[in-house]
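Asks: Chain residues, written in single-letter form:
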Amino acid sequence: AQTVTQSQPEMSVQEAETVTLSCTYDTSESDYYLFWYKQPPSRQMILVIRQEAYKQQNATENRFSVNFQKAAKSFSLKISDSQLGDAAMYFCAYRSAFYTDSGGSNYKLTFGKGTLLTVNP
Amino acid sequence: KAGVTQTPRYLIKTRGQQVTLSCSPISGHRSVSWYQQTPGQGLQFLFEYFSETQRNKGNFPGRFSGRQFSNSRSEMNVSTLELGDSALYLCASSGTGVRETQYFGPGTRLLVL
Numbered sequence: 001a002q003t004v005t006q007s008q009p010e011m012s013v014q015e016a017e018t019v020t021l022s023c024t025y026d027t028s029e030s031d032y033y034l035f036w037y038k039q040p041p042s043r044q045m046i047l048v049i050r051q052e053a054y055k056q057q058n059a060t061e062n063r064f065s066v067n068f069q070k071a072a073k074s075f076s077l078k079i080s081d082s083q084l085g086d087a088a089m090y091f092c093a094y095r096s097a098f099y100t101d102s103g104g105s106n107y108k109l110t111f112g113k114g115t116l117l118t119v120n121p
Numbered sequence: 001k002a003g004v005t006q007t008p009r010y011l012i013k014t015r016g017q018q019v020t021l022s023c024s025p026i027s028g029h030r031s032v033s034w035y036q037q038t039p040g041q042g043l044q045f046l047f048e049y050f051s052e053t054q055r056n057k058g059n060f061p062g063r064f065s066g067r068q069f070s071n072s073r074s075e076m077n078v079s080t081l082e083l084g085d086s087a088l089y090l091c092a093s094s095g096t097g098v099r100e101t102q103y104f105g106p107g108t109r110l111l112v113l
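For the protein sequence lines, the chains are F and D, in the order given.
Those letters in the first sequence? Residues 1 to 121, per this note's numbering, in order.
Those letters in the second sequence? Residues 1 to 113, per this note's numbering, in order.
So that you can see chain D by itself, here it is in the shape it has in the complex (with noise of 0.2 Å):
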């Protein structure tokens, strides 16, 4: 089975400019969840998406937000940039039960200048 692709791989913004982020999850995989990594901060959950149903938020401003499609991919958006955006935003997809594990994607570097 493919892994988890994310698209882009890095990526570089401006100041109060928008951005999109994509993730794939493994084929059959309906949960896909979201992460920033940052030096400062670590890694941070966003959010998470199961069936085009947003399940689980973190405390992120909502400036973050995300949607999932029929096809279980998924985007997250951030608006406004912000310099504190920079980070390497992670996707993690998981098959349907309690007991599965999360795979992870390769990420997207996000500069903001």
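The following block holds chain F by itself, in its conformation from the complex (with noise of 0.2 Å):
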């Protein structure tokens, strides 16, 4: 079975800074999917970014990067220029890219416990 371990319970950054949050997984796949979720107090998970593990070129959108290393199995984002709005909890999640055995393609996601992101002015 796949874990994913998230080490840092809370981090804080100060606004316009930059900050990153580490997530290790498990798992003896080859092909699968990792992602960041945000969740903020409203409750509602939001993507933040996705990165297929057969790529090697890390992912980026806008302010959000992560820095993928598969051979260590690790997985952490980069938060630049850090606003009010980016705190939130944030979690590391993982999908195997392989079919179920019913045949179908498996959306099972498997999360860490998460991290709370406090963003200071």
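Please keep in mind that the hints were generated in silico from the structure rather than gathered at the bench.
Hints may contain errors.
Some but not every residue of chain F turned toward chain D, in silico, with C-beta under 10 Å [claimed, not checked]: (1) Pro41; (2) Gln44; (3) Leu47; (4) Glu52; (5) Arg95; (6) Leu109; (7) Gly114.
No farther apart than 20 Å at their CA atoms in a straight line, the calculated lysine to aspartate or glutamate pairs in the DMTMM-like style are these [said to hold, decoys possible]: (8) F:Lys113 <-> D:Asp85; (9) F:Lys113 <-> F:Asp86; (10) F:Lys73 <-> F:Glu29; (11) F:Lys73 <-> F:Glu17; (12) F:Lys55 <-> D:Glu100; (13) F:Lys55 <-> F:Asp26.
Residues on chain F that point at chain D, a partial pick, calculated with CB under 10 Å [unchecked claim]: (14) Tyr33; (15) Gln39; (16) Ile46; (17) Ala93; (18) Tyr107; (19) Lys108.
Quantities reported herein were computed from a predicted structural model and do not represent experimental measurements.
Idealized CB from N, CA, C, for every residue including glycine.
With the hints as a guide, bring the two chains together.
Replies: Laid out in structure tokens, this is it:
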């Protein structure tokens, strides 16, 4: 079974500064997807960024980028120019690229415990 | 496109009762997954439905069940509620294809007294 570990329960950053959230995962599979989701106090889970394991290039979405180290099974999220609206719980998630036993695409996400990010003005 | 909607948003039940939660996916999405979020256990996968068939199931007791209708709307049911079932229940929908991303609804917060 796959596991996802976020070792930082809480992080804080000054507005306009850069912060990196850590995530490691354990899997024996060769093909998979990794995600960072953001959950603000409203509780709506929002996709921040995704990475496909077969792609060597790190994903980037505006101020958000990842450092994907496949051999080390590490997937960190860097937030540049932090804004007050970035304050939220951030979850790292894993999804297998292999089909389920029933033959369909596998949409099961395995989440880490989350990192609560505080942005100070 | 409208996002994923979940009803009701808040619910209070007592132990022993049963509850049904509803999820309407994004138009055109045929996969619906359900997750339970609690402070202690975090986010845990319940099950996933695609074209009215359950394709994947997490490690939850049989009290937790679900179904999907022909219009892709999904319901989950919890029978004989326990205090530990108090949680935020999230559903996520996805289009067809292994590369599709899942989009979450706002959740239903269930409190069991």
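Asks: Could you run down the list of hints and mark each one as holding or not?
Replies: Quick rundown of the hints versus the structure:
1. This hint is violated: Pro41 of chain F has a C-beta 12 Å from the nearest C-beta of chain D, more than the 10 Å allowed.
2. At about 5 Å, the closest approach between the beta carbon of Gln44 of chain F and any beta carbon in chain D falls short of 10 Å, and the interface hint on this residue holds.
3. Among the interface hints, the one on Leu47 of chain F holds; its C-beta lies about 6 Å from the nearest C-beta in chain D, closer than the 10 Å criterion.
4. For the restraint placing Glu52 of chain F at the interface with chain D, the shortest Cβ-Cβ distance is roughly 8 Å, inside the 10 Å limit, so the hint holds.
5. Taking 10 Å as the C-beta cut-off, the interface hint given for Arg95 of chain F holds, the closest approach to chain D being about 8 Å.
6. This hint holds: Leu109 of chain F has a C-beta 7 Å from the nearest C-beta of chain D, less than the 10 Å allowed.
7. Against a cut-off of 10 Å between C-beta atoms, the interface hint on Gly114 of chain F holds, since the closest Cβ of chain D lies about 7 Å away.
8. A C-alpha spacing of about 18 Å is found between Lys113 of chain F and Asp85 of chain D, which places the hinted pair at or below 20 Å, so the restraint holds.
9. For the proposed pair Lys113 of chain F and Asp86 of chain F, the alpha carbon gap of about 18 Å is at most 20 Å, so the pair holds.
10. For the hint linking Lys73 of chain F to Glu29 of chain F, the alpha-carbon distance of about 11 Å falls within 20 Å, and the restraint holds.
11. Restraint check: the Cα-Cα separation between Lys73 of chain F and Glu17 of chain F comes to about 26 Å, which exceeds 20 Å; the hinted pair is violated.
12. Distance restraint check for Lys55 of chain F and Glu100 of chain D: the Cα-Cα separation of roughly 16 Å lies within the 20 Å cut-off, and the hinted pair is therefore satisfied.
13. Our distance criterion of 20 Å between C-alpha atoms is met by Lys55 of chain F and Asp26 of chain F, whose separation comes to about 18 Å.
14. At a threshold of 10 Å, the smallest CB-CB gap from Tyr33 of chain F to chain D is about 8 Å, leaving the interface hint in force.
15. Annotation: Gln39 of chain F was flagged as interfacial toward chain D, and the flag holds, the nearest CB pair being 9 Å apart, inside 10 Å.
16. Evaluation of the Ile46 of chain F hint against chain D yields a held restraint, the C-beta minimum of about 8 Å falling below 10 Å.
17. Because the beta carbon of Ala93 of chain F sits about 8 Å from the nearest beta carbon in chain D, less than 10 Å, this interface hint is met.
18. A least Cβ separation of about 5 Å between Tyr107 of chain F and chain D falls short of the 10 Å threshold, and the interface hint therefore holds.
19. The restraint placing Lys108 of chain F at the interface with chain D holds, with a minimum CB-CB distance near 5 Å, inside the 10 Å limit.
Checked against the numbered hints above, the structure violates hints 1, 11; every other hint is satisfied.
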